[in-house]
Amino acid sequence: MLKTIVEINERIQKGEAVVVTAEEVIDIAEKNGITRATQEIDVVTTATFGPMCSSGAYFNIGQAKPRIKFGGSTIYLNDVPAYAGWAAADLYLGATAIPDHDPRNKVYPGEFIYGGGHVIEDLLEGKDVRLVASAYGTDCYPKRKLETWVNLDDFNQAVLFNVRNASQNYNVAVNSSNRIIYTYMGMLKPNLGNATYSSAGQLSPLLNDPYYKTIGIGTRIFLGGGIGYVTWQGTQHNPDVLRSEDGVPRGCGGTLAVIGDLKQMSSRWLRGTSFLGYGCNMMVGIGIPIPILSEEMLRYTMVKDADIVAPVVDYSDAYPQRKSDILGEVSYAELKSGKIVLREKEVPTASLSSYYKAVEIAHTLKRWIQKGEFLLTEPVAPLPGIESGIILKPLEERPAGVSIAKNGSIYRRRE
Amino acid sequence: MAISIKVVLHFPRHLMNQPIIYHLARHYDVEFNILKASITPQEEGVLVMELKGEQKDYEGGIKYLTDSGVEVHPLSRNVARDEDKCTHCGVCVAVCPVGALILDPATRRVDFCESKCIACELCIKACPPRAMKVCL
Numbered sequence: 000m001l002k003t004i005v006e007i008n009e010r011i012q013k014g015e016a017v018v019v020t021a022e023e024v025i026d027i028a029e030k031n032g033i034t035r036a037t038q039e040i041d042v043v044t045t046a047t048f049g050p051m052c053s054s055g056a057y058f059n060i061g062q063a064k065p066r067i068k069f070g071g072s073t074i075y076l077n078d079v080p081a082y083a084g085w086a087a088a089d090l091y092l093g094a095t096a097i098p099d100h101d102p103r104n105k106v107y108p109g110e111f112i113y114g115g116g117h118v119i120e121d122l123l124e125g126k127d128v129r130l131v132a133s134a135y136g137t138d139c140y141p142k143r144k145l146e147t148w149v150n151l152d153d154f155n156q157a158v159l160f161n162v163r164n165a166s167q168n169y170n171v172a173v174n175s176s177n178r179i180i181y182t183y184m185g186m187l188k189p190n191l192g193n194a195t196y197s198s199a200g201q202l203s204p205l206l207n208d209p210y211y212k213t214i215g216i217g218t219r220i221f222l223g224g225g226i227g228y229v230t231w232q233g234t235q236h237n238p239d240v241l242r243s244e245d246g247v248p249r250g251c252g253g254t255l256a257v258i259g260d261l262k263q264m265s266s267r268w269l270r271g272t273s274f275l276g277y278g279c280n281m282m283v284g285i286g287i288p289i290p291i292l293s294e295e296m297l298r299y300t301m302v303k304d305a306d307i308v309a310p311v312v313d314y315s316d317a318y319p320q321r322k323s324d325i326l327g328e329v330s331y332a333e334l335k336s337g338k339i340v341l342r343e344k345e346v347p348t349a350s351l352s353s354y355y356k357a358v359e360i361a362h363t364l365k366r367w368i369q370k371g372e373f374l375l376t377e378p379v380a381p382l383p384g385i386e387s388g389i390i391l392k393p394l395e396e397r398p399a400g401v402s403i404a405k406n407g408s409i410y411r412r413r414e
Numbered sequence: 000m001a002i003s004i005k006v007v008l009h010f011p012r013h014l015m016n017q018p019i020i021y022h023l024a025r026h027y028d029v030e031f032n033i034l035k036a037s038i039t040p041q042e043e044g045v046l047v048m049e050l051k052g053e054q055k056d057y058e059g060g061i062k063y064l065t066d067s068g069v070e071v072h073p074l075s076r077n078v079a080r081d082e083d084k085c086t087h088c089g090v091c092v093a094v095c096p097v098g099a100l101i102l103d104p105a106t107r108r109v110d111f112c113e114s115k116c117i118a119c120e121l122c123i124k125a126c127p128p129r130a131m132k133v134c135l
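Chains as they are written, first to last, in numbering that gives the first Met the number 0: chain A, 0 to 414; chain B, 0 to 135.
I should point out that these hints are in silico values taken from the structure, not numbers from a laboratory. Note that the Cβ used here is the ideal one computed from N, Cα and C, for glycine as well. Just to be clear, a hint being listed does not mean it is correct.
Label pairs and their calculated CB-CB ranges [unchecked claim]: (1) B:Glu113 to A:Lys322: 42 to 48 Å; (2) A:Tyr82 to B:Met15: 54 to 60 Å; (3) A:Ala63 to B:Glu113: 47 to 53 Å.
With a straight-line Cα cutoff of 20 Å, these simulated SDA-like cross-link-like pairs (lysine to any residue) come out [claimed, not checked]: (4) B:Lys132 to A:Arg267; (5) A:Lys188 to A:Arg267; (6) A:Lys335 to B:Pro104; (7) B:Lys124 to A:Gly109; (8) B:Lys124 to B:Lys51; (9) A:Lys335 to B:Ile101; (10) A:Lys126 to A:Asp152; (11) A:Lys303 to B:Arg107; (12) A:Lys30 to A:Glu343; (13) A:Lys188 to A:Glu343; (14) A:Lys338 to B:Arg108; (15) B:Lys132 to B:Pro104; (16) A:Lys322 to A:Arg267; (17) B:Lys84 to A:Ala305; (18) A:Lys370 to A:Gln263; (19) B:Lys62 to B:Asp83; (20) A:Lys126 to B:Arg129; (21) A:Lys188 to B:Lys5; (22) A:Lys188 to B:Arg12; (23) A:Lys64 to A:Lys126; (24) B:Lys124 to A:Pro98; (25) A:Lys188 to B:Glu120; (26) B:Lys84 to B:Lys55.
Partial list, derived from the structure: chain B residues whose beta carbon lies under 8 Å from chain A [as the list claims (entries may be wrong)]: (27) His26; (28) Cys88; (29) Gly89; (30) Val90; (31) Ala93; (32) Pro96; (33) Arg108; (34) Ala125; (35) Pro127; (36) Arg129.
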């Protein structure tokens with residue numbers, strides 16, 4: 000028996016759709032059996048809420064009088080540098096950007112108290128932020144200096160556009176060295192003193208659709224408390240990842256690029272974060288509905304923490320040195336129990352992503368669909384799958400001091 | 000006049016092998032009662048203790064501690080959580096040396112047990128959204 004998205008949307012509009020979360024579906028399908036559960040359930044909601052570095056927002060601000068050209072200028076929001084290499088009035092603020100005056104890791108470990116993610120959070124809270132631009136002045140854009148307060152309402156467009164979110168699966172981080180290290184996976188105590196992980200596991204979107212059969216370009220999603228869309232495969236999208244028999248990736252795997260109107264979003268679901276000794280970041284909340292079109296789709300959404308494994312990576316050596324060796328694999332059920340066993344040693348675990356918040360998102364999206372406020376979309380085009388042949392390439396450096404490039408072109412620096 | 004005060008002492012790493020408390024007891028005639036002690040992952044020491052003695056001995060003892068490089072705070076300084084900022088991710092759970100921050104396995108919420116907290120302040124910088132704050 001096959002269902003279509005059109006049929007499911009009709010049921011949503013009539014208020015008749017049966018929607019359950021990716022957590023709830025596990026018990027229902029085990030109790031009622033796959034055939035019956037597939038007939039009964041229309042949509043399974045998945046979610047994740049965690050630090051996602053490749054996030055940020057672009058903005059358009061109305062023209063000053065006289066006009067100023069941001070393109071080629073330097074521009075700051077609350078001292079955090081934004082990218083201005085666009086037209087006269089557009090800018091992009093990345094979540095990991097930090098003020099020029101931040102001491103970084105000069106006093107180790109640096110605190111990284113305020114960055115791009117925090118500016119976005121402040122804007123969402125309705126706060127004024129200070130926009131400072133220094134331009135070079137042209138005949139058509141004569142103004143050279145702009146200093147003004149702006150808030151979210153002042154922008155013509157404010158759009159969250161994240162190029163890599165919702166990683167399908169992720170590493171478990173440990174530290175085998177004899178000193179404490181500070182990483183994007185948090186503080187790692189020496190001698191395998193703790194292990195950190197960052198995935199919603201059984202609730203995570205791409206773990207419930209391992210082969211990208213329903214989540215594709217154009218998929219409507221919950222993004223930061225508002226409505227957003229999948230725009231493309233995320234950067235580092237790697238369908239070629241090692242997979243379990245059921246198709247579930249045993250490593251990072253696929254990723255999503257997502258977009259949505261920042262003005263609809265809330266600081267409850269987009270949160271600036273500081274990682275000691277590492278940098279600034281932003282926690283992003285994402286929820287994705289999976290239409291139960293077939294028994295196959297239902298089976299994918301039945302995935303549970305005990306069946307999903309993640310590689311344990313040493314962040315004191317293997318990760319920084321780009322070595323492929325791992326200390327082993329552990330399941331999310333083990334990780335969530337609070338401890339795992341590595342090299343015959345009990346290691347306490349901690350999560351960087353919030354499962355509690357992910358559950359809240361899955362239930363929020365479920366409510367939206369039940370109330371008929373959120374309809375499902377047919378992907379405009381699929382995300383690249385295994386058949387695409389996409390392979391994640393490491394960088395093989397070609398020292399730029401040599402002036403002749405591979406294609407024979409000669410690069411000369413203008414002195 | 001005899002007084003009794005509870006204090007939190009932070010020992011930086013380089014003082015960890017110094018007999019500071021021995022000197023405190025021997026030279027300042029203050030009675031001490033250790034309430035809590037722990038060594039943090041940064042190999043710094045945190046000691047919560049009650050000091051009893053004459054005002055001048057107490058003050059002399061505190062001056063000795065401060066001069067030696069020990070950070071001294073009254074215990075009234077405590078750590079609180081900004082409930083709006085906390086995302087219940089659980090990073091703090093592995094950092095807290097006394098189990099005052101615990102992940103509830105059923106709800107996946109992080110519970111903060113203030114009575115267990117020794118105000119070592121380790122969670123403050125470890126918390127990604129900086130939800131933990133010192134209250135004076």
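**Asked** In ascending order, which of the hints set out earlier in this document are inconsistent with the structure?
**Response** Numbers 2, 5, 8, 12, 15, 16, 17, 19, 21, 23, 26, 27 and 32 - these are the hints that the structure violates, sorted from lowest upward.
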